[in-house]
Structure formats: C-alpha cells, structure tokens
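Participant: The lines below spell out each chain.
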Amino acid sequence: MINKILQDRVYSLGLVLVTTALITSLVFPSTFPTFENFSQILLNLSIDTIVAVGMMLLLISGAFDLSVGSIVAFTGCFTAYLMHFFNIPVPLALAAGMLSALCIGLTNGYLIAYQNINPMIQTLAMMGIIRGCALLVSGAGIQNLPYWFNAIGQSKLLGIQMPIWYMLATVGIFTFLFNKTIFFRRYYYIGGNEKAADLSGIHVRKMKMFAFMISALLAGFAGILLSSRLGAALPTMGRGLELRVITAVILGGATLTGGYGKIPGALLGALFMGLIANIMVISRISGYWQEIILGLILIATLWLDKYLQRKYSAIS
Amino acid sequence: MINKILQDRVYSLGLVLVTTALITSLVFPSTFPTFENFSQILLNLSIDTIVAVGMMLLLISGAFDLSVGSIVAFTGCFTAYLMHFFNIPVPLALAAGMLSALCIGLTNGYLIAYQNINPMIQTLAMMGIIRGCALLVSGAGIQNLPYWFNAIGQSKLLGIQMPIWYMLATVGIFTFLFNKTIFFRRYYYIGGNEKAADLSGIHVRKMKMFAFMISALLAGFAGILLSSRLGAALPTMGRGLELRVITAVILGGATLTGGYGKIPGALLGALFMGLIANIMVISRISGYWQEIILGLILIATLWLDKYLQRKYSAIS
Amino acid sequence: MPHIVLSHITKQFPGVKALDDVSMSIEQGEIHALCGENGAGKSTLMNILSGNLQPDNGGIFLDGTNLRFSNPQQAFAHNIAIVYQHLSLVDSLSVAENIFANQQPVNKWGIIQFDALNHQTSLLLKQLNIEEISPRTLVAELSPAQRQMVEIAKALSKQPSILILDEPTASFTDKETRTLFDILKTLKKGGASIIYISHRLEEIFVLADRISILKDGKHQGTFNASELKKDELITKMVGRELKALRAGSTRTTETLLVVKNISGSRFSNVSFSLHQGEIVGLAGLIGAGRSEIARAIFGIDKIRSGEILFHDKPFHADHPAAAIRERMAYVTEDRKNQGLFQEMTIEENIVAASLPFVMKSGFYDRSKARQISADSKNRFRMAASDLQQRVINLSGGNQQKVMLAKWLLTQPDVLIIDEPTHGIDIGAKYEIYEILKTLAAEGKAILMISSELPELLGLCDRIIVVKKGTVVGEVVPPDMTEEKVIRLAT
Amino acid sequence: CELPPRNQSAAVAARASNPEPVSIDNEEYVMVTTAVTMPMYVNHDQAAFRRWGKKMNVKVSILGPAEWDVPAQINTIEEVIGTRPTGLLINGTDPAIAQVINKAVAAGIPTVVYDSDIPGSNRHAFLGTDWYEIGRMQGEEMVKLTGGKGKIAYMGILGLTNMDQGFQGLLDVLKKYPDIEVIGKYDDKANVEEAAKITSDVLAAHPDIAGFCGFDSNSGPGIALAVREAGKAGKIKITTVDWEPEHLQLVKDGVIQMLAGQKRELFTWYGAQFLYDMVHHTNPLAQNDARAGITSVPYIINTGLLKITAENVDEFINR
Ligand SMILES: Nc1ncnc2c1ncn2[C@@H]1O[C@H](COP(=O)(O)OP(=O)(O)OP(=O)(O)O)[C@@H](O)[C@H]1O
Ligand SMILES: Nc1ncnc2c1ncn2[C@@H]1O[C@H](COP(=O)(O)OP(=O)(O)OP(=O)(O)O)[C@@H](O)[C@H]1O
Ligand SMILES: [Mg+2]
Ligand SMILES: [Mg+2]
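Chains as they are written, first to last, in the numbering used here: chain A, 12 to 327; chain B, 12 to 327; chain C, 6 to 495; chain D, 3 to 321.
So here's chain A without its partners, still in its complex pose (with noise of 0.2 angstroms):
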C-alpha cells in the first residue's frame, strides 16, 4: 500500500506538498495558512496550471511545446486589439482570440506530426514568430480594454477569484476526459509506444495534431484570462512561461519520453512551486538566494521521490 502511493507521483508530491505546508504553518503561524494567503497561491499559478494541463497532455503523448508562453501574450494582445481598435463585441473577440490560438496549434501540430519537422525546433521557432506578432498587433500594450472583459478575470465566486474556479474546471474535466474517455486515453498509448498505438489502429499523427491544438487553445484561455486580470494586453505576458510550466509538468510526474503522468500531476507541480516561492518570500529570502534555493529544493524533492522509490520498491 505505502509503497503504491510513493511509486505515484501524484501521492508523493501531495505528501511533500502537504507536509511542507503544515510545517511552514506551525512556523509562520500568523502569515502562512490564512485565507487570503492560500487564495493568493491558487490566484497566481492558476494562470501557468491551466497551460501546465496542456503541457501535461502533450508531455504524456510524447511532445512538449515551447511556444505556449508566446500563445499567452499573443491571444491576449489580439483579443484586447480586436476589441480596443475595432470595437468588436467581447464574446465575438474572445472566439476570435480562441480561434487564433487553434490556427497556431494547429500549425505546430501539422507541421510536426504530418511534415516530422523537429518538435523542438519548431515550436522554438514558433514561439519566437508568435511573440514578434504580438509585438505587432500590440504595440505599447492595450489598456481601457471593456468591462464585461476585465470582469471576466476579476469576478469572484463564493469570495474566491474566478480564474481559481477556472483553474480548477480546467483541471477537473480533463481529469475526468484523460481517466474515462477513449480519446484522450490513446494518448498515454501513443506516448508509450507510437509504433504500436499506430498499429493498434489509433490514427497518431492526428491525435498529435489535436494535442498541439488542445494545448494552444488552453494557452489561449489562459492569456484571455491573465490580460482580463491585467486589465491590459501586454506583449510580454507569459515570457518565460514554458519553461516554468514544463518543469512543473515533470515535477508532476510527466517524463520527456511520454506515456507518464496524470492531469492532476500538473496541478500539483504549479502547486508546490508556488508554495515553494511563498515559503520563501515569508521566510525573508530574497533577491539571488531565491533562485539558489529553489534550485536545491527541486533537486531535494526529486532525489527524495527516488530515494523512497529505491526504498519501498526493494521492501515489496
């Protein structure tokens, strides 16, 4: 039993999440485990998780894809465009927004899976066209963007920020789809073994194609949502997003390869960098310390996951 929950990364980071919390509690009594503080947490990764379930889903068919940092300010800088120089209504420019985000998964995803195009290469390449066309369309970045816009990121719920509960939808369909559904299960097969989910009759290059285009479209969500919350469109929104988001992926279980990894994973991993950053901010680390820090616990935590790997895997 003890040894099936710590061979899951799911379990064993929620243990280490769960265990660093309640010991920063216990230190930091009256700043830590208020309110206000956790419903900070969740507001500010809500953004990279709801990307990072895309990553997840890429990451478990095999593919990774460095451009959804540039999606995020591109979709946001096109949408608020749409709607600040052109008046368009909001719904029909976050469909447009939306849409934007498809053509550039779909991109990817074609160029990658149907030309074998390197995956890496080409969503670098991406990324940096992406960022230069959000340069394009928003200039200095778009401010005054509509009310029923920013009221989208700004809302709350039950005393609890709309892009949490957006968060957590995200997070709880595609649980739900990855666990139950014969689509989005064959990923996991064509993540194993591309060979053999081909010849199991699962068309791969288009499912690959579909997975690219599933994550733009979250990446699009997210970059409507975070220029919702901004208020503005700003062409630098999501820079260095998709290295944050990948590493949270692998925290969560995923593997480079493929075939690894589940959905809830991703929403642990932003979780626990999160924490980690909070953490240290109340504990007064700052500036260079900061980085060096993190560092060490990523590689602590990771070595720790395989310490008790080797360990409980040699008792069954």
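A couple of the hints might just be wrong.
Said to hold, decoys possible - Capping the alpha-carbon separation at 25 angstroms, the derived lysine-lysine pairs in BS3-like fashion look like this:
no.: 1; chain 1: D; residue 1: Lys56; chain 2: D; residue 2: Lys146
no.: 2; chain 1: B; residue 1: Lys206; chain 2: A; residue 2: Lys217
no.: 3; chain 1: A; residue 1: Lys191; chain 2: A; residue 2: Lys273
no.: 4; chain 1: A; residue 1: Lys217; chain 2: C; residue 2: Lys163
no.: 5; chain 1: D; residue 1: Lys146; chain 2: A; residue 2: Lys167
no.: 6; chain 1: B; residue 1: Lys217; chain 2: C; residue 2: Lys341
no.: 7; chain 1: C; residue 1: Lys241; chain 2: A; residue 2: Lys206
no.: 8; chain 1: B; residue 1: Lys322; chain 2: C; residue 2: Lys341
no.: 9; chain 1: C; residue 1: Lys163; chain 2: B; residue 2: Lys206
Claimed, not checked - Some residues of chain A that are not near chain D, with every Cβ distance over 10 angstroms (derived):
no.: 10; residue: Val27
no.: 11; residue: Ile34
no.: 12; residue: Thr45
no.: 13; residue: Leu146
no.: 14; residue: Ala243
The hints are simulated quantities; they were obtained by calculation from the structure and are not laboratory data.
In this text, a Cβ means the ideal position worked out from N, Cα and C, and glycines have one as well.
Guided by the hints, dock chains B, C and D with the ligands onto chain A, whose structure is given.
Facilitator: Chains B, C and D with the ligands in isolation, oriented as in the chain A frame:
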C-alpha cells in the same frame, strides 16, 4: 550519391549555407563577402560553437543540459572574482574557474546518472542555482580584468582572432575524438540503446557523468573566453544560450532522443544561425520582424531538409 | 472462391527486393502456414496484408473485392488482426488496456467501463490459460513470453475473421504452444482464416492445412500439409541439403564455472557447474527465473548471497563490463530492447561489445571493424545488402544473427545464451548449433536457455531444470527425455 | 601571435592617425540596443529616432538582439561597424561595451551613447539620466508617501549595472530613515506574472507592508495587479519607473502613486541630431575636428527625470 549527401544533415545544411552565402554576396556585394565580415561572423559564433560541441556530445548520448548558459556566466564571473578581489594570478584563476565548471558538471552528471534525477529538472535547477551564484560573486559585473586575461580572447593569430582558433581547435579535436576513439564512440551506442550499451559492457552511468563533465568544461572555457573578449565578467552572460545552442545542435543533425549527430554539425548549426543573424544586420531587419523572420527561416530550413530527404530516398 | 487472394505483390526496399511477384490464396476456415528462410519476405507480406506497409505493385482481394490498405486501421475495419513478430505493447499501461487498446468498452455516454474492461480481459486470459497474470498488471512487469501471450490475447479480442500470427511461439514452451493451438483450432471451426508463420517445422505439420513457401521474396508454391514431407519442405526453403549435426560430446572434467548457492531477486539457492567443452541446457517453464539467474551471473542484477568461481577464482561481476573482460558473454532474449542498437549499422552492432579487445590502442579502426564484421556476415550468412544497413531494417532472424555475431566476437570462455534460435530459420539454426558445437570443442562452456525442448535435448550434454527460481533437478543421458524434463519443470 | 594593445591610448592614437571619413552620400544612422523588442524602447527611443529620421529625411536603422543580451549587442555593433554607417547611436547597457565603442570610434564612425554612460569609452557624446537619481527619486517619494516609516520592498532585474545603481540610490535615501525597514530585493525577471507573484507573496508575509518600488518596466503593472487583487490599492504605496500607457492608467486609477520617468525621446532625438551635426560640421570649431581631436557636440547631457503623479498624469495620457 546525391541522396546519400542529402540524407546527411552535415552535407544538406552545408549546401544550404553555401547557397545562402552566395545569394547574399550578390545582393550585398560590398558589405557581406568581405574578410572582415566573415571573420566577424566566426568570432561572434565562437562562444556558442564551443558550448555547442559539448551539447552535441550530450545529445548524441541522449541527454541535454540546460545549465550551460549559467555555467558560462558563473565561470567567467568566478574567474574574474578571484583575479579582481583576491589578486590571484591569471593561470591559477583560470584553473580554478575550469575546476568550478568541472564540479558543476560532475554534480549534474552524478545526480542524473547515478541518482536517476530527471535531467531536465536537474539541469534547470542547476541553471537557477549557478546563475544565482554568478550574481552572488559578481554583483552587476566585474570590470578591469588583468591584461593577460584579456589577451586570451583579444589576441590575433595570422590576422584572425584567437576565439576563432579556439573554436576551430575544439571542433577539430572533438571531431577527431568522435571518429577515432573508442571512448567517444561509446556515446553513439549509449544514445542508440542505453540498455543494450550497458549489457555490451559499456559503463553507461560513468560515461554519462563524463559527458556532463566534458560539456560543463567546454561551457566553462567558453565563459572564460567570453569575459576575456569583453574585458569584463557579467552575471547576465549566456542568458538564453542553452536554447540557442540546443537549436543549433539539432539543426546540425542531432535529435533529443540520442544516437545521432556529428560534431561538425554543431559548427554548421551555429554557423547557420550566425549567418542568418549577420544577414539580418546587414539588411537592417530588426525589431519584431527579426524574430518572425528567424522563426520562419528555421521552419523552412527543416521543412526543406525533410522534403529533400523524402524526395531523394524515394528515387533511390 | 478463396477468402483472401494476394495477387502479384512486389515490394522493394532500398537494396533488396523483399517480395517479387508473389501470388497466393487463402481459403476460408483454413490454417495456412507460411514458411521460408530468414529474410524471405514473410513478415513483409503480412505487413502488407495488415495495412502496415504498402506494396509497390499488386493487390489484395478479400472475398473477391480489390482492397488497398493505406494504414492498419483500414485493415482492422475488415476484421484482420495480426500478432507481430516484434512485440508492440505499451509498457506503461496495464494488460487490460493493452489488450483493448483503442476499443475499451464504453457506456452510452462514451465513458470507459473499467470493470467491464478488466472482466473481459480476465476471460481472455483464462481462455489462454494465463490466469496468473492480473488484468491490472503493468506490461512492463511481464516476461517476454507473457508479453507474447498478451499480444495474442490482443489479437483475439478483436474476434478476427482473418488472423495472422508471425512467429507467435518463438519464446513459448510446450504448454503455451498447446493452449495456442487449441484456440486456433476453435477459431478455424468458427470459420476464421489463419495465416501462421513459424520456424518450428514440427508445429507446422501439426497445425497447418496448407503450406506456402517463400524464398528470396519469390513464391515457391503452395502444398497440402499432408502431402509434403519435412525434408522436402526444408529443401524447398533452404535450397540445399542440411548437414547432419556433428555428433558426440566434447565434455571434459575441467570445471570452468562453478555457481554455489546464489540467491537474488526471483531466484534462490541456485548451484551448478559448467565444464570445459560442454553445453548445458537450462530448462523450465516461462517465468521460472532462468533469465534472472543468467543476468545475475553476468553482473546485470545483484547477487544477494552465494559465490561464483570462474577459472577456479572467485568471480564477482558488478557490471557486464567486468564479466566481458573475464571472457564471459550473455546473449539476451529480448533483442529489441536489450540486445541491439536498432538504428545503428550492422557493423557498429557487431563490434559493440568487443571494442576494447579488437582495438587495443583505444583508437577506432574503421577498416578493421569493416573486415571483422564482413567475416561475421559471411560466417552467419546474414541476408543483408551491405554492412552499413541499419539493423532495424533486417528481418527478425538476421537481427538474431547480428546479436550472436556481436557476442562471439568477444571470444568468451563461457557463453550464456538465452533463446538463441529465437526466430531463426531451420538452416540458420543448424548453422548456430554447429557454431555452438565448435565452440564447445574448443574448450568453451555454454549455458543455453531455451524454451524449445527438442533443441535442448538434441544439443546439450545435460539439462538443468529450474522451477520457481530454484534448481529442481538435472537430467543427464541416457534418460534425458522430454517427459523427464517436463515432469521436473511442472 | 598578435597581442591586444596594452592600453587605450594606443587605440586613440590609431584613430588620430587614420580617421577614414564616413560617407555622406548614403547617409544612414544606426541605433544598436539590446532587448530591441522591449515595449519601452520601441515606444520611446525607437519611435523618436524614427521620427527624427523622417524629419531629416535620412535613413535610420535599429538593430540588436531581441532579448537582454549584452554580448549579442556587442556582436551586432561589431558587425555594423563593418558596414560603415554614417553614425552610431548606442544604448549604454553595460560598461563592458566600452571596447567596441572604442573600436567604432577608432574606425572613424561618430558614436553617441545614450541612457547610461560608459565610463571607459571614447564615445563622442552621451545623453541620458543617472540611474542613481532614479533610485533616489523613488526613495524620496516613498518616504513622503509613507511618512518615513514602514516596510518597503523593491524589485527589478538583478545583475544589470544601471539597475544596480538605481537600487543603490534608493537604499541611500531609505537608510537615513530608521523607521523604514527594507525587507528585501527581488528579481522579477522583467516579467509581469513574476512581479505579481512576488508581490502577493510579500503581501502574505508582511500584511503591514507600506510600499513597493519597481525598477523595470514590468515591475509596476505586476505589483499593481497583486496589490489590486489583494484589495489594497491606494493603501499600499507604489513607485516605479517608466511611463508606458499601462503605467499611466494605473496612476490615474490611484494604484501607483508615482512614476519616475526618463525623457527617453530626448536621448535618441538629440543623440541622432548630434551625430548629424558632427557629420555635417554644423558648428565647426576647428579646421578639422577629428584631426584636432575634438568633437563639435556636447560631451555629456543629463536630460533629467520626469515625475508623474496623479496631479499631472492626464497631461501624459492625453499626449
Ligand atoms: N524497412 C525495411 N527497409 C529495408 N529493408 C527491409 C525493411 N524491412 C525488411 N527489409 C528487408 O526485406 C527482406 C525481407 O524481410 P522480412 O522481415 O519480410 O523477412 P522474414 O521472412 O519475415 O524473415 P524472418 O524469418 O527472419 O523474420 C529482408 O532482406 C529485410 O532485410
Ligand atoms: N522487470 C520485471 N518486473 C517484475 N517482474 C518481472 C520482471 N521481469 C521478469 N519478471 C517476472 O519474473 C519471473 C521470471 O522471469 P524470467 O524472464 O526470468 O523467466 P524465464 O524462466 O527466463 O522465462 P522466459 O524467459 O521463458 O520467459 C516471471 O514471473 C516474470 O513475470
Ligand atoms: Mg519476419
Ligand atoms: Mg527468460
């Protein structure tokens, strides 16, 4: 014959390079095809190429290292720190700098090869740690380095700057080693099939650790060379270098899954990127167009490569 | 009208014509065997029939209609199922999900019913007599033979009307083979057409109704099994007479390897010894732990207790490199994952394990590598266009030869071979037996793990029987018989 | 093997002996910066430079790497020198670019540095602001806003020389007020989300924090986002740099209290004008300025800072 050539990336990329250079020479006859310009291009990519050789080694063995950019910064800063604040003689400081790079590589390699820590997270964490350390030792940069230190990167031989010679030497030596020694050929086996390599009597773990050490050493050398060229050590050196170098190496024929690639490919990949950057400077393309065009060129090049491969392998 | 007609099929690969104008037909409700040497084109033909490869020329007729499959999915739609020669399962998923890949049972909302999935899987596993595997087990934890069973279950789960089996019994013992044959006969009664590829000729005569023979990509004719004699079949396949196996034992009394009471994960208290010049068989049911014992001796897995003497000196390999240095070799059974560098050339594969021996200076000598591997290619009669061909493009049997060549190049004193004739044609098998005999005559010792009992009985000086990780007995001539071994093993 | 010159005077001598005249036929002024796509640069420096080019009817080009990468800026300058532009306008990002500036000067190309001065260089002129002053200005305003007591946090990009001077200016002011506690320096990596994350983490750790100071263009919007989402807009004081539209809007909304702006338009407009005047000998001071070893434009110009608060923000929004 022709299909043989076009299936080897070293040749197909070489062909693209020569064609591009010829066309550009016709368009900009007075500024592009000059000795100064070519030696400037080579000088500018010398640092990247030296790092890329190490990265090629890693990719051949099926690994990669995201911390090389930080190693460049740290080694440069640490060496400068020793010379500037402690007046340690240049040769000693150089040795200490290289040793520090070696230790970083050793740590990465040991944790990845022997403790099975995920390489992506390990090197990403190391990237943060080392960047933090670089900031720690150098603050906002160290100026006024000793003359003999600056002479390393600023001297000329036969009218050509030293970094170019170092680069050529590195590429030459490693090409030789990879072609001619059993030790380095083992990396092809490891990248091809790790398990089979282990069963064939190759000490896979040890070799992997060495790979990280060699790559870190080359990055450390690049860091020293860069700060010597600049006459200053900046903690921001080598930012984003890792992705640039991995891109160059993949362009040069390596794959993320390992087993493929040739050392001269690292030079050619870097040369390609350097050439494009130079052409953009000469034709005065800048701003967001720069990123967009670079992205499009990357995709187009890889697409062309695949297209030629398909076409000529069908004929044969 | 025949159920399936393959008409004038031609397939060219770079450097080889794998199929040359092959035409044959398969009747409804027959078991049709396909025979031929390694590289004759059997797998290629079946890959074409299952939509995995496209022919350059020719067509497939199913009940008279001309079909063209551009991918496996289209072949599925026509109820064609295939068990591939190279296993194609997903390690990270459970047995149940592998068997029902992409066709998991769902309710009317499209939601996967895992209970139904596991239930249906356990029924299938029961049918195949492998109840010891739970539907929830990860495929990564199965032994090669068990995987092969799962692969067969996967094909059966589709309730195919056309079933293709490409060397399904290569790692099976008698027990599994019999179960499989029962199932195939039931399917045949139900009207399914079955195409069966195997290098175990006994099986073919037990099972097949008709036999088609391929040689060098050309169809040599189709015969009724009852009218064909084994020798005729061999002559048609190989095109030459097989030499009789060299008789007689070369066993000496010099011990070379002594294993004393070793225990490790999945085996315990194993003791035996190997003498110079002898071939010793290691028999047992699948999953008995034979491979594990070999792995531990060779230094891949840890030995928890016990002692090994090699050349009368204590021997403890902490890594295969140490074992190779002491002149021991281990040919793995899983050639795809652990044996070969699939994307590398034949030459690079052959020299892989002996680099420090053949190039003592530490420098890689290309011409020497070329010459050595050319020798090996001739010695093993590999069907390959040239040495720079990538191993992944070789036929199964030729891949096996590459692996053997690689290990023999290390000039071992003790050679451990795990399923050495896995997927090898009858001609090559005799060549390998001959090679093993020669090695033994040179004073080497050979430990041979095989699931093919006749092979062990024919070749070995004695047979050690393993059951559940322990040695349960040893059979030596004169009463080295099939029943004796089976009785000990079960 | 040819060693580099022992000291700078050798390079200067080389310049005096061999000043190749720049061409006036194909007049082209090139600006080389780093992070060429940074909105602040695009909208102020580059926009003004382009406007100037249009007005003077000469060709202007803007080059440099997309990310903050000083070595790459140096590489670009080296490559540009080979194409012999009429004049070079260089963003003084780091002291390390001194050498390549000297190389340009030695090649006879009029060279003006803007934003931050490069001490060891032979640049012909410099226009810019003192980052130390930017820090001081934020510090003094923060003292005023908080009444000289409370906790202050600040953030920017770590490891940049000019920003470090800014930090120093801030700290030098704040250390005079014993009731002010500086709780930390943070690296927002020029990233809005990162700045927001840091801010809300700081808010959790120090619910009683009095103010934030930001030092790169993305600090302000990020700090503002987190403060607003915590419902503390106006209560927590924010000062930051730059006056992009979103910064101005945040001042107008009362989230940010003060912006320490630079007159970046002036850097490049007058910088370009200086280059033009040098080339065209608009104000000849000697028979041949180069031979005389002088320049006919101002040596150092401090353009001064803008202080934008709620009172004057409308003037900038409706510019
Ligand atoms: N993808 C490929 N590229 C190049 N050559 C190939 C490829 N696949 C098969 N071949 C060649 O085609 C020939 C027929 O191979 P095939 O796998 O059909 O043989 P087989 O009859 O199944 O042999 P075995 O009994 O060894 O499995 C062989 O010479 C093989 O090397
Ligand atoms: N990686 C693994 N993880 C868990 N169990 C394993 C693993 N590999 C093998 N086993 C189990 O160990 C047992 C022994 O397997 P092994 O391969 O040694 O048997 P064997 O006697 O060589 O049989 P054969 O090779 O014919 O399948 C089997 O029950 C198998 O399921
Ligand atoms: Mg075959
Ligand atoms: Mg076995």
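Participant: Each of the hints needs a verdict: does it hold here or not?
Facilitator: For each hint, the structure was consulted:
no.	hint	in the structure
1	D:Lys56 <-> D:Lys146	violated, 43 angstroms
2	B:Lys206 <-> A:Lys217	violated, 31 angstroms
3	A:Lys191 <-> A:Lys273	holds, 13 angstroms
4	A:Lys217 <-> C:Lys163	holds, 23 angstroms
5	D:Lys146 <-> A:Lys167	violated, 35 angstroms
6	B:Lys217 <-> C:Lys341	holds, 24 angstroms
7	C:Lys241 <-> A:Lys206	violated, 34 angstroms
8	B:Lys322 <-> C:Lys341	violated, 30 angstroms
9	C:Lys163 <-> B:Lys206	violated, 34 angstroms
10	Val27	holds, 19 angstroms
11	Ile34	holds, 16 angstroms
12	Thr45	violated, 7 angstroms
13	Leu146	violated, 5 angstroms
14	Ala243	violated, 5 angstroms
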